[in-house]
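Starting from the known structure of chain Z, arrange chain Y on it as the hints suggest.
Chains as they are written, first to last, in my numbering: chain Z, 14 to 683; chain Y, 19 to 402.
To be clear, the hints were calculated from the coordinates, so they are not data collected in a lab.
Some clues are possibly wrong.
[To be verified] Below 25 Å or equal to it, Euclidean Cα-Cα: the simulated DMTMM-like pairs (lysine to aspartate or glutamate) are:
id, chain 1, residue 1, chain 2, residue 2
1, Z, K498, Y, D94
2, Y, K115, Z, D109
3, Y, K218, Y, E261
4, Z, K570, Y, D94
5, Y, K115, Z, D160
6, Y, K218, Z, E575
7, Y, K135, Z, D390
8, Z, K570, Z, D390
9, Z, K589, Y, D117
10, Z, K570, Y, E200
11, Z, K361, Z, D109
12, Z, K361, Z, E107
13, Z, K589, Y, E150
14, Y, K382, Y, E304
15, Y, K169, Z, E575
16, Y, K170, Z, E575
[As the list claims (entries may be wrong)] Quick list of the computed label-pair ranges, beta carbon to beta carbon:
id, chain 1, residue 1, chain 2, residue 2, range
17, Z, S507, Y, S309, 45 to 55 Å
18, Y, G349, Z, R308, 37 to 47 Å
19, Z, L43, Y, S203, 52 to 62 Å
20, Z, P412, Y, K169, 43 to 53 Å
21, Y, K169, Z, T291, 34 to 44 Å
[As the list claims (entries may be wrong)] Partial selection, computed: residues in chain Y whose CB lies under 7 Å from chain Z:
id, residue
22, R106
23, S109
24, P112
25, P113
26, G119
27, N130
28, G140
29, Q335
30, L337
31, W352
If you're wondering where the values come from, they're calculated on a predicted model, not measured in any experiment.
Glycine included, C-beta positions come from ideal geometry on N, C-alpha and C.
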Amino acid sequence: MSAVVSALPAGRAPRLQLSSDDVVRRGLMLVIALYLVLALAAPLYVLLSKSMSTYRFDLNAFEIQRSDDSGTAFGPARTVAALNADAKAITDAELDTGSDGRLSLTKLYEDFSFRSPVKYRIRGTTNDAAFLVGSDLKRGTDWVEVDSNTFRRVVLRPGRSVGFDNFVAYFSTPSLAQAIWNSVLMGAISTVLVIAIAFGLAYALNRSRMRFKGLFRLVMTVPILVPSLLPGIALVYLFGNQGLLKGWMMGHSIYGPIGIVIGSVFFTLPHALLIISTSLSVADARHYEAAAALRASKWRTFWTVTVPGARYGVISAAFVVFTMVITDFGLPKVIGGQYNMLAVDIYKQVIGQQNFEMGAVVSVLLIIPAIAAFFVDRIIQKKQVALLSARSVPYEPKPNPGFDWGCFAYCTLIAAFILTMIGVCQLAAMVKFWPYDLTPSLKNFRFDLMDGGGWASYYNSIEMALLTAVFGTIIVFTGAYMVEKSDGFRAGRSLFQFLAMLPMAVPGMVLGLAYIFFFNNPANPLHALYGSMAILVICTITHFYTVSHLTALTALKQMDREFEPVAASLKQPFHKLFFRVTLPVCLPAILDISIYLFVNAMTTVSAVVFLYSTQTQLASVAVLNMDDAGDVAPAAAMGMMIFYTNIAARLIHAAVSRVLLSRTQVWRGR
Amino acid sequence: MKHETVTGAAAAPMHFEPQAAPKPGYLVIDQLWKVFGDFVALKGVSLDIREGEFVCFLGPSGCGKTTLLRAIAGLDLQSRGSIRQAGRDISSLPPSKRDYGIVFQSYALFPNLTIEKNIAFGLENARRPKQEIQARVAELLALVGLSEQAKKYPAQLSGGQQQRIALARAMAVSPGLLLLDEPLSALDAKVRVHLRHEIKELQRKLGVTTIMVTHDQEEALSMADRIVVMNHGVIEQIGTPTEIYRHPSTLFVADFIGETNQFPARMIRNDTVGLAGTELACASCEVAAGSDVNAVIRPVDIIPHALDGREDIKTPQNLIDVTVTEMEFLGGFWRCRLSSPRLGERVLIADFSINAVRRLGIEKGGAMRAELPQNRVLVFPKAA
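So that you can see chain Z by itself, here it is in the shape it has in the complex (with noise of 0.2 Å):
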């Protein structure tokens, strides 16, 4: 015992009596927290046990005994180990297997025949033994009598054990091992490109005197607006066997490394930008003029101020960015050809061959990078802090003309690139048969007539992606709120807070692979979700939980911790302070959040890959699906579907917010 509490008179703490409000607030945050429980903490804990489990037949845990024709004079009792040892029916490779093995006995009775009127005992040798009659489990000791006809349907279950069996096995295995260097090549590839790229686009925007920043500013989020399968098909058409520049490709072909990094730099660009544009915007005036005092050169100025001011930003984008490179499906998936790289594999591993266990171990992989990422990203985020004090000035660029036409013309050729991408899938899906018959047509947009799902995986996909932010938004600003303005409850509140922060280390493909494990399991009560419109909502909220909640917890954080106290102390109920107060303050972030799920769910393909069933078709699968079966220009049209209805969803938010905040925000001006 400490000295302090020793200190302390002897006697109880007193204990706070809890108003109704404090119960509602509990209450619903216990809500929210179940429900990252269920969509997130438990179904990653399957697939982690599934990682770890291997299933193997263990022959010596299984008796049978034999009759005679008579079918009352049974035999002695042998274990199927030593009815196998005489018979060498079953080889030992045939032991190993999945979750779902079943091995069947009739081959080791040579003379078996379903008619013959012998019969058959059998029972396991220890509790946890199990067998199939049909489709009745039986387990234990306990004989259990059958006929020749039914010895036909009695299968043995494969015992599980837990280890790094699986992980031994992947890495043993050379293609699949050469994948994980594959995908750390083009990760660190891609990310050496978009670093560069994006500093001299952020540079650019933030620290010249250069004409139509806006639309520049504005050209650079488009590749956010569609998925990442597009830069691919795009590709293909540029540069593809039929492609429009394959001169320029010199004999290398575009299918593989090459296609995969520029694809990689077209989806990655944004987010870099983003982030490096942030850390140089924050630049304090005072520094440059310190610099220029002391008459060091414009060079040594910027590699002694500016870059070590945006090092953090640097930093942080550059992990945000290998992480999406090594995460993401839909590119290589596209334009990978043989290239194999670890998002594809689990795909195959899963869709292709039904082995989940080598999916799961490929899942578990595939999150360390994620995780270091995020730890990375946040130890630079609390230093960021640090470097901004209330003194700054904020820097002002002065007018340089040589260098803001240098700026212009290069943020010109990055436009150039993304809009030429963009362009491309455009007339690819207008025209008859690119490049060949340039007539314009619409037959591209005639999917009923392909596979993947018609129009009706489009309407699904606005249908996913309205309730996506209509629920979204409610769960996460509901929870944020919980977290930020409740007292008391700390050991919940810190649990909630890094179950909301797990998402972001967590790549789609697994998370999606996580809920197949978790959902499909017929013992599980929530089972009836599986292959429903609900799951695919659940599964994108949770995907894209931890930057909603990151953007409402900034908002809240902006209000006044006092808010909470006086409205109690005016003994009003703390739902009329959220409505009336806390609600409309935060309405600029919850439009943000809104529009930031919807576009997201139009656009991701990687979680709901696993998880669509026939009623529930995406837009972004059926891309992926329809390119697949060869159908590239229907699928380069529907990818531009999802594009223009992002940019009408964000049209109608920038006409919402207007409105609203012009209602709501009168107070904001003075």
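Frame of chain Z, contents of chain Y only:
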């Protein structure tokens, strides 16, 4: 149902006359302890606040004054001890079940509501007619002198005006107790002095029992009926501003409130104290002869005399011949540094009025006499 008491309290007429004789025992704090992890913020604090009284909790940051206020408000529950308000044990009640209004340093006005909606926030409930609310809001706006600003938003008002609105909002439901948590610290000096007076006036008019937390001694001295001086989680002294200033009961209080000269000394008799090279008559005290003490005198209490002064000298044995080594003009007075062989290495700081400096011809490097009146030389035992 739960708004019943509020409705009743708010409907009661406002008191515009101060309570005649404040009754003790309105807010009784008994042996309050508060522990944050390893840090003891309150160490057995006991206090009795009278009805209608204006009390200031004064002390340096980290002394526990805000913790004590938050315990009274139910925002940080105490670790041990009890609090009774108007005869009711409120020790473990949540904030919404207690009876107080609170004003924070940050104002905490709701930014998206107009001034009148802010004030009406606590008044709105199903059973109260709209006109009654409007009348009450108008009355409160008039009370804080901001009737014209009713339709404005908080961001359109100055800091001082916002603070007055916060006060009106807290008073809207006529709480039995008003808690002010450093309400003036965020304002600039001029506004602060003005608002000090206004809050005090308002409190006197409404007769509401008020507790204000502050680290500004001038604020506490000018506003409080009684000051509670706190340090390291304990109450050092409770008393009226003049008591606290003139008769500090500990060295901490003497040092924290006003300025002091401090000399390490030894007690000789119960009215005489020995310094480095001299003896001084001091206010009589209970300290045992021979023990180590600190002798304290405030710069403003030192009386200047010319060398040949014929003025009335109350304590001849405390008259010291000094040399003025430094003079600093501080606007309202001169701060002088005096040295004398009788004080050894120590320097005596004295504040002399501009008048006295001119009349006695005090100047840097000049000689003069300084008198340390016996009842102003205070003695405090050295901390063991």
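Outcome of the hint check:
no.	hint	result
1	Z:K498 to Y:D94	15 Å, holds
2	Y:K115 to Z:D109	66 Å, violated
3	Y:K218 to Y:E261	19 Å, holds
4	Z:K570 to Y:D94	20 Å, holds
5	Y:K115 to Z:D160	76 Å, violated
6	Y:K218 to Z:E575	23 Å, holds
7	Y:K135 to Z:D390	43 Å, violated
8	Z:K570 to Z:D390	20 Å, holds
9	Z:K589 to Y:D117	19 Å, holds
10	Z:K570 to Y:E200	22 Å, holds
11	Z:K361 to Z:D109	20 Å, holds
12	Z:K361 to Z:E107	22 Å, holds
13	Z:K589 to Y:E150	20 Å, holds
14	Y:K382 to Y:E304	39 Å, violated
15	Y:K169 to Z:E575	23 Å, holds
16	Y:K170 to Z:E575	21 Å, holds
17	Z:S507 to Y:S309: 45 to 55 Å	53 Å, holds
18	Y:G349 to Z:R308: 37 to 47 Å	44 Å, holds
19	Z:L43 to Y:S203: 52 to 62 Å	38 Å, violated
20	Z:P412 to Y:K169: 43 to 53 Å	45 Å, holds
21	Y:K169 to Z:T291: 34 to 44 Å	38 Å, holds
22	R106	13 Å, violated
23	S109	5 Å, holds
24	P112	4 Å, holds
25	P113	4 Å, holds
26	G119	6 Å, holds
27	N130	5 Å, holds
28	G140	3 Å, holds
29	Q335	45 Å, violated
30	L337	48 Å, violated
31	W352	36 Å, violated
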